[in-house]
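Novice: Letter by letter, the chains look like this.
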Amino acid sequence: MLRGRTVLVVEDNEQNMELVEFLLEEANARIIKAEDARTAREAMAGDPPDLVLMDMNIPGSDGTSLLYEIRRRPAWERIPVVALTALAMRGDRERILSAGFQGYISKPINVQTFLSELSPFLPTERKENGR
Amino acid sequence: MNGSQKGRILAADDQPENLELLAEILTSEGFEVREAIDGEEALEAAEMTNFDCVILDVMMPRLDGYHVCRSLKTRRRTRFIPVIMLTALSDSTDKALGLNLGADDYLSKPVYPAELIARVRSLIRIKRLRDEIDQAEATLLTFVKAIDARLGRSGHSERVAVNSLRLATHLGLPAGEAESMGWGAILHDIGMVSLSPHGFRREDAEISQEWKTHPEAGARFLSGISGFEAVREIVRNHHQRLDGSGFPALEGGFPSLGVQIVSITNEFDGLLLAGKSAEEAGQDLRLAAGQKAYRLDLVNEFLREDERLPYRPGGPTPDWQELVTPLSSSSPGRIAIVAATRANKDTLSHMLQTAGHHVLHLETLPDFRNPLAEDFDLAVFEPSALDDRTFGEIRRFKAGPGGAERPLLLCSGPHSRNARQQAVEAGIDEFLPLPLDGLEVVARVKSLLRQQLYFRGLDQFRTAVKEIDETARKNHSWWASGVSRLRPSFPA
Chain E
182 MLRGRTVLVV EDNEQNMELV EFLLEEANAR IIKAEDARTA REAMAGDPPD LVLMDMNIPG
242 SDGTSLLYEI RRRPAWERIP VVALTALAMR GDRERILSAG FQGYISKPIN VQTFLSELSP
302 FLPTERKENG R
Chain Z
1117 MNGSQKGRIL AADDQPENLE LLAEILTSEG FEVREAIDGE EALEAAEMTN FDCVILDVMM
1177 PRLDGYHVCR SLKTRRRTRF IPVIMLTALS DSTDKALGLN LGADDYLSKP VYPAELIARV
1237 RSLIRIKRLR DEIDQAEATL LTFVKAIDAR LGRSGHSERV AVNSLRLATH LGLPAGEAES
1297 MGWGAILHDI GMVSLSPHGF RREDAEISQE WKTHPEAGAR FLSGISGFEA VREIVRNHHQ
1357 RLDGSGFPAL EGGFPSLGVQ IVSITNEFDG LLLAGKSAEE AGQDLRLAAG QKAYRLDLVN
1417 EFLREDERLP YRPGGPTPDW QELVTPLSSS SPGRIAIVAA TRANKDTLSH MLQTAGHHVL
1477 HLETLPDFRN PLAEDFDLAV FEPSALDDRT FGEIRRFKAG PGGAERPLLL CSGPHSRNAR
1537 QQAVEAGIDE FLPLPLDGLE VVARVKSLLR QQLYFRGLDQ FRTAVKEIDE TARKNHSWWA
1597 SGVSRLRPSF PA
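Quick mapping for you: the protein sequence lines, in order, are chains E and Z. As numbered in this note's numbering, the first sequence has no gaps in its residue numbers, which increase by one up to the final residue, 312. As numbered in this note's numbering, the second sequence has no gaps in its residue numbers, which increase by one up to the final residue, 1608.
Because the hints were derived from the structure by calculation, they are not lab data. A few of these clues could be false.
[To be verified] One side only, chain Z facing chain E, incomplete, derived with CB under 8 angstroms:
{"id": "1", "residue": "Tyr-1182"}
{"id": "2", "residue": "Thr-1209"}
{"id": "3", "residue": "Ala-1212"}
{"id": "4", "residue": "Leu-1213"}
{"id": "5", "residue": "Asn-1216"}
{"id": "6", "residue": "Leu-1217"}
{"id": "7", "residue": "Gly-1218"}
{"id": "8", "residue": "Ala-1471"}
{"id": "9", "residue": "Gly-1472"}
Where is the CB? At the ideal position from N, CA and C, for every residue including glycine.
Isolated chain E, as found in the complex (with noise of 0.2 angstroms):
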């Protein structure tokens, strides 16, 4: 399902970026890398991806901040933006999918459940101008 896909990941630490990295492009997915607030504007600038994956927690800015960024952009307000994150804790989800993220999949990654808990929130349709 993630075959050809792009996806977005924002995500400041090196050992979950490597992990997301290894499982995507396990999956045939496309990655994009941004490690800050502004390296993520500027990916989603030159290249929209089908979805962004991100840290609740990035330099420059915070998760949600960026996702009202996201939102407010009518190019970009149809993009799915999953957290990630590793408050896991009750409330936590209800104020995740308030403030408008589709989902979040929480830290530490669990390999095996990690492409199948991310496909749900992929668009059925591929962008037309998707690669």
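Could you slot chain Z onto chain E? The hints should help.
Specialist: This is chain Z only, laid out in the frame that chain E set:
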């Protein structure tokens, strides 16, 4: 002891000199070593042999160590084989990737023989425990086959399990719940062995009160297995209905989705076994759903799935365990940090919490005779000195109630061989060298938690198996011969 008894090890490295060196070290310790020169070859070898440990170089042509590790840990047959990654890179990111992909430990190159041997030994110990659990599980599954064979309905429990898992997948049940449901489905009738020969056969016993006791009997057999709560619920309630018209009376409210699924697929297969066509069986289920015994949407979903790919009495059924997504075998634990210095306390807490564990801090190793002592799964102990007082403390903890089953990791600086030996004799399970390395801590903790889980699990499984076997022998003269025909090594 020959090599295969001590342990069969697969070693993969594309550098012949390194591979030879590894093989030499391991062979001289009495292990049997199979060499592979790249990842593809390693995977092929692992398909053929149940190795006790796999050592993988990270950088290899064709398929690198990460991919091999990932494949091994994803396949059901190989997922419990311990994997050690060899990394030449001092870059901790690469070590972390290996551990995240399921590797059990790593070693930096150049490899020190003593370190290699220590890691291999400790991982093989865990693997052997796992093998014994596999044995106990297999015996339990043989019991199920024996019951079905005796009742002239071979494959019934397998079909119920497979059909239930298919429906669960369709409904998006999380992997953990699906696995429990698979076990609940395959074991749903295990309690039958407690029935008398008369009550055992349903045709004589359709209305018998005795026959109606089998779900609770089954749940009782499994009551000692921790982590089997959901399994027990399914076994106990598989004859219960949404409207409460089944038996035994519900405890604690509404039947779970797992229970509902298994009761539908069980009823369906039962109707087929009674001679109904799939169409008639489907109509019966829909009718019962109309009378509020089942959820109609679940019934319809199941019938659609069944139409797409029907499994029928007398026909082949796939292995239900293949339908379960293996969960990553590391689960978070409660870790006690004991007597740590300020700096190490913070470092350890951070490392363990990032890995998802729950951390608590204690001043001394606890005494579980005190009912107020805080419980934990594993302790990391950093005594100020490795002296007689410390050895005494370790000994008291390990000899006290609950001490033996809780692994103890000792943080230690460079100490004499003698001091370390004394610590081992006092009961220390593993060492963590100071200064602490985060990845090493996480890897060691993960392995020991698993060891502890297996220790407990093995005992519990064996107890359940023994109890079922004894009950069945008492009630059914055919039992021993029936089971040993299906499982020649029985009794194990």
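Novice: The structure should be examined with respect to each hint, and the outcome stated for every one.
Specialist: Tested hints:
{"no.": "1", "hint": "Tyr-1182", "in the structure": "holds (7 angstroms)"}
{"no.": "2", "hint": "Thr-1209", "in the structure": "holds (5 angstroms)"}
{"no.": "3", "hint": "Ala-1212", "in the structure": "holds (4 angstroms)"}
{"no.": "4", "hint": "Leu-1213", "in the structure": "holds (5 angstroms)"}
{"no.": "5", "hint": "Asn-1216", "in the structure": "holds (5 angstroms)"}
{"no.": "6", "hint": "Leu-1217", "in the structure": "holds (6 angstroms)"}
{"no.": "7", "hint": "Gly-1218", "in the structure": "holds (6 angstroms)"}
{"no.": "8", "hint": "Ala-1471", "in the structure": "holds (6 angstroms)"}
{"no.": "9", "hint": "Gly-1472", "in the structure": "holds (5 angstroms)"}
The structure fails none of the hints (numbered hints given earlier).
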